[in-house]
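Undergrad: Residue strings, one per chain:
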Amino acid sequence: MKAPLSWIKEYVSLPEDLGVEEITDRLTALGLKLEAIETSGAGIDGPLVVGQVLTAEKEPQKNGKTINWCSVDVGDANGTGEPQGIVCGAHNFVPGDKVVVILPGGVLPGNFQISARKTYGHMSAGMICSARELGLGEEADGIIVLPPDAPAPGTDAREVLGLGEEVIEFEINPDRAYALSMRGIARDAALGFDVPFHDPAQRDVPLANADGYPVRIEDESGCDYFVARTVTGFDPTAPTPEFIKKRLEQVGVRSISLGVDITNYVMFELGHPIHAYDRAKLTGPIVVRRAHEGEKLTTLDDTVRELDPEDLVVCDDTGPIGLGGVMGGASTEISETTTDVLVEVAHWDPRSMFRTGRRHKLTSEAGKRNERGVDPLLPPIAADRVVELLVEYGGGVAEPGVTEVGPGASPETRKPLTTITIPTSLPARIIGIDLGDDTVVKCLELIGAQVEVEGDTLTATVPTYRTDLNDPYDLVEEVARIVGYDQVPSVLPRRATGRGLTRAQQLRRRIGRTLAGAGLVEVVDFPFVGEADFDRLGLPADDVLRHTVKLANPLSSEEPGYTTTLLPGLLKVAARNVSRGQDGVALFETATVAFPVDQAAPIYGVDRRPTEEELEKLLAAIPRQPLHLAVVLAGERTRGGWWGSAETASWADAIDVVRRLGTELGVAVEVASASRAPWHPGRCAVVSVDGVEFGHAGELHPNVCKAFGLPARSAAVEIDLDFLISKVPATAAGPVFSTMPVAKEDVALIVSSDVTVAAVEAALREGAGPLLETVRLFDVYEGDQVGEGNKSLAFALRFRAPDRTLTAEETAAARDAAVARAAELTGAVQR
Amino acid sequence: MSGPNTDYDPVEVTPLKAEEVEAARDAALTAIAAANSLEELKQTRLDHAGDRSPLALANREIGALPPAARKEAGQRVGKARGAVNQALAARQKVLEAEHEARMLVEETVDVTLPTDRVPAGGRHPLTTGAEYIADIFVAMGWEVAEGPLIEAEWLNFDALNLGPDHPARTMQDTFWTEPAENHVVLRTHTSPVQARTMLTREAPIYVVCPGRVFRTDEYDATHSPMFHQVEGLAIDEGISMANLKGTLDHFATQMFGEGIVTRFRPSYFPFTEPSAEVDLTCFVCRGAQVVDAGDGQLVTCRTCKGEGWIEWGGCGIVNPRVLIACGVDPERYSGFAFGMGIDRTLMFRTGLSDLRTLFEGDVRLTTAFGSEL
Ligand SMILES: [Zn+2]
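First to last, the protein sequences are chains A and B. Sequential numbering from 1 applies to the first sequence in the UniProt record's numbering. Sequential numbering from 1 applies to the second sequence in the UniProt record's numbering.
FYI, nobody ran anything at the bench for these hints, they're computed from the structure. Since we're looking at a predicted model, the values are computed, not measured. Just to be clear, a hint being listed does not mean it is correct.
Unchecked claim - Simulated restraints on C-beta separations: (1) B/Asp217 <-> A/Gly43: 31 to 39 angstroms; (2) B/Ala288 <-> A/Asn63: 51 to 59 angstroms; (3) A/Pro423 <-> B/Gly370: 51 to 59 angstroms; (4) A/Ala674 <-> B/Gly370: 46 to 54 angstroms; (5) A/Glu159 <-> B/Asp217: 57 to 65 angstroms; (6) A/Thr807 <-> B/Val118: 40 to 48 angstroms.
Said to hold, decoys possible - Here are the simulated lysine-lysine pairs, DSSO-like style, with alpha carbons at most 30 angstroms apart: (7) A/Lys2 <-> B/Lys79; (8) A/Lys9 <-> B/Lys305; (9) A/Lys33 <-> B/Lys305.
Unchecked claim - Covered by chain A, per the in silico footprint, the following chain B stretches (three or more residues, Cβ under 8 angstroms): (10) 118-126; (11) 283-296.
Ideal Cβ positions, reconstructed from N, Cα and C, are used throughout, including at glycine.
Turn these sequences into a full structure, and let the hints steer you where they fit.
TA: This is the structure in structure tokens:
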């Protein structure tokens, strides 16, 4: 919201010596936040004067252009008093016109230095300026022609042009609709500096009568007040007065025609949107109602709109002629031939305005105000002000007929004023500051409320222009902002007796540190996914992972889903790192994924807490979102160097990540072979705890590496971290270990190639009995010595008794028992 | 070798003559002193203390002496051998020490050789940043609350006084899930966690909720469709704006250092009333509005554009309408809530200039921060 300071000052007696920054500081502190201060004419320096064109000779040029060789009276401003010779390319002036001249030595915005120079065969000593050249607007149809009563040639033109005027841009919060007008801003400035406010809405208006244009409201819930006034004999060619033009430009609205400009001007002045119709184009009485199914309307912006039965429309006998409160229709628009203007000022239901604006994707200055709430008493006042200006500048006659319909028109049927009762101590209590009751009352009176104190409570009757004030705490905010937010002391709350991080929160941190300690780098990625990602993973068409939560408005139509797996994103990130020159990447990401539940979440009221059953139903409709961990290892796992060559990441490194987490967390993770996309079918492990599978790890399928642009043999992991965390014992059991001497035995077993190490190891454990402390595979051999289809597994067994040194016989017996069990269960033969 | 029963005159047994014994001893001591390596000393030991050394041979002759002479000869030879052995041990010690010292010199390596065989890992600064913030509050006795990223519309909006036709809903450009009738959204703020907390816990409540949120924003240096917020919620008897200010001042100081405080400006959020924008003392110029350009000249601070303050987040007193919808008695309890961007806070604290750096997964970002912030 832009507001020229001079316009605000019309309604508030601010002290003369108050600087613009003091004003904006105070208003910012009151909640009207300063965005920017623009000063018109910034960048202009040197002699900028009023000139009067004495002669203008048209000289056609070889390039097809015609220039004016002018002699311009600039008074004594050039030091000689002689007319100044200036070449001018514009043609919107005649000799005798007063213009704006910048003389040699002057500077225009953009550091454009003016000097006398030879051009088109003349010595041009200065320039006749257009508004654009002065940085005053985009319009440059020609030079600025000043009104005939402009000051004498040679006078400094700055004042005439209103240069140096400050335009303040405010950021107005959605609740402070009143501040979308000079009236509202001036009112806050007045209360901020405790100076008198002159309400521009304070005016006597003619009483309603039966002679006005006929208007009928069929839907009073949508429009409770409709005022119509008419001006006849209006001159559609009359120019918009300079001050209106200038102010509209300052607030950022393009000047269109006198009629339209006046409605906009009054909207910015008072805050109420206004619509003007060409009365000659109206057929029959005006009717306000909701649109019918299938009705269409061509709005002012020449767009044909399909109306919704919820839309409020203004109609005549031909059907809808305007989208009430949001945008007028094209058929009854005022134009360059309009002589009879019908002025509409109506009070609309904000919610309908909001919905209609959103439905038709229409944002307008009018809609913005109507949907946030305007002063319901303004319609006759705004209408009268428009009529006054139309008559004054358009030369028309105000018809005596005044239409006022709707419950808002009469004090008897009007919605009563809002009253809010609060304990007088509430503001002090909520702000946390000492405040006398009288201060509270004064603050509320400053915003225009009528305050009655009764015992410990006060009742504030809220002024009609403060449609945002409804609740007790709304009054607290008013008191707080007037007293000043800077007065709020800094006091820590007295008590907070939390129990620290939850177990799961602690474990998540621990998992992150464990992974980082293992050389993995955490990344953060977006969760959006598309079919192409699943294709690249090689997932079958019916894979459950392809069933995603779909977004109605995805960022990219290529990625319309919320992901079910972290791998596509992480593999892309890995490839990005590789393409940026990393020889090896080891990444991890922890994030939630989502699985749809295909249930609707109810929308409840907010006047009470939902019941437990309602809450349960609500929570059940939210997609299941387990926390996943994904890891990708691509390229070098360790670097090469003087110590030896680099090691490439492999399926084993991937599985080890899960095993390592299991060890860290005290969870026994089982590993078994599996076949699952996107992994290599022969190099994929499924991991489980207590028989429940919670993820996969291993080497990626060669096609997947290719599809994502990753080095061959890249490996990956994805597990359900919530599950793993749920399996972590509450406390780790203290270990019991013997300090007796250890006895070591190595055994080499030949087994069939398809027997897993895990199976042999389990058999050895079982057979060895309680004396076995650890068993560890230390070599695998396949080759001639063990025969085709076989492999040799070498295990190191360590035995120890809790209470004694083991004898060689005991150790040998345990070893033999272990080998015997392995032979029995896996067909192992000792080498 | 002579038999023990043969009579001898001691003076006739040459090796046991005093001068012979002394000469052998002196020769041994000289040789020991001259041994310059452990190998030489080993040879010297063989020559002068070994089985065939003169003193060993002399010793063997003692038995052949008449008993009266044995004692004296024995003492003489024993003394000499003792001196030699002592010298050998001492020399051995010296030479071993020298050897060790030489070995250590020879084993010297170039310690500037690279040692980074295993590349370092790291945790993302958004993770550690959220933990850092959470810990500030946990230290004050607050707890950390969490909730899902895909959330019920009612919890994300309605329960927070953002009804279906609330103009403020358009302030937050929402990702909606299909079908729209399911009323499920990607949460646009972490505030639904506050609602969940109030719905499931009894007051007093002091929780901080760091987390990921989504809005359909353009993706550029300062905007992202996915970003991170931290919100705080305190519900207790007698909670005031002063408590809110105290809490945020403490947070600011812990996060950015002594002297960094907050400033409130009136604002509007549907879930709080009164509402405030929170500004933070500019941590670059520390509120001075100007900084030293490096040459002693003071120039306008670019971080705060000469304001001395930077925008940090929003806050306010929890709107009683929200308390009612979430089952908290507004007559008994009041509360405050605040929220700020973690990404933004992190950028302030670390000097990162492009938000996108946080989300593109370059390992160089993460490893720059290690595993704690
Ligand atoms: Zn600064």
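Undergrad: Now tell me if each hint is right for this structure.
TA: Now the hints, each set against the structure:
no. : hint                                      : in the structure
1   : B/Asp217 <-> A/Gly43: 31 to 39 angstroms  : 34 angstroms, holds
2   : B/Ala288 <-> A/Asn63: 51 to 59 angstroms  : 57 angstroms, holds
3   : A/Pro423 <-> B/Gly370: 51 to 59 angstroms : 53 angstroms, holds
4   : A/Ala674 <-> B/Gly370: 46 to 54 angstroms : 35 angstroms, violated
5   : A/Glu159 <-> B/Asp217: 57 to 65 angstroms : 45 angstroms, violated
6   : A/Thr807 <-> B/Val118: 40 to 48 angstroms : 43 angstroms, holds
7   : A/Lys2 <-> B/Lys79                        : 115 angstroms, violated
8   : A/Lys9 <-> B/Lys305                       : 29 angstroms, holds
9   : A/Lys33 <-> B/Lys305                      : 16 angstroms, holds
10  : 118-126                                   : holds (count 8)
11  : 283-296                                   : violated (count 0)
In this structure, the earlier hints numbered 4, 5, 7 and 11 are contradicted, and the remaining ones agree with it.
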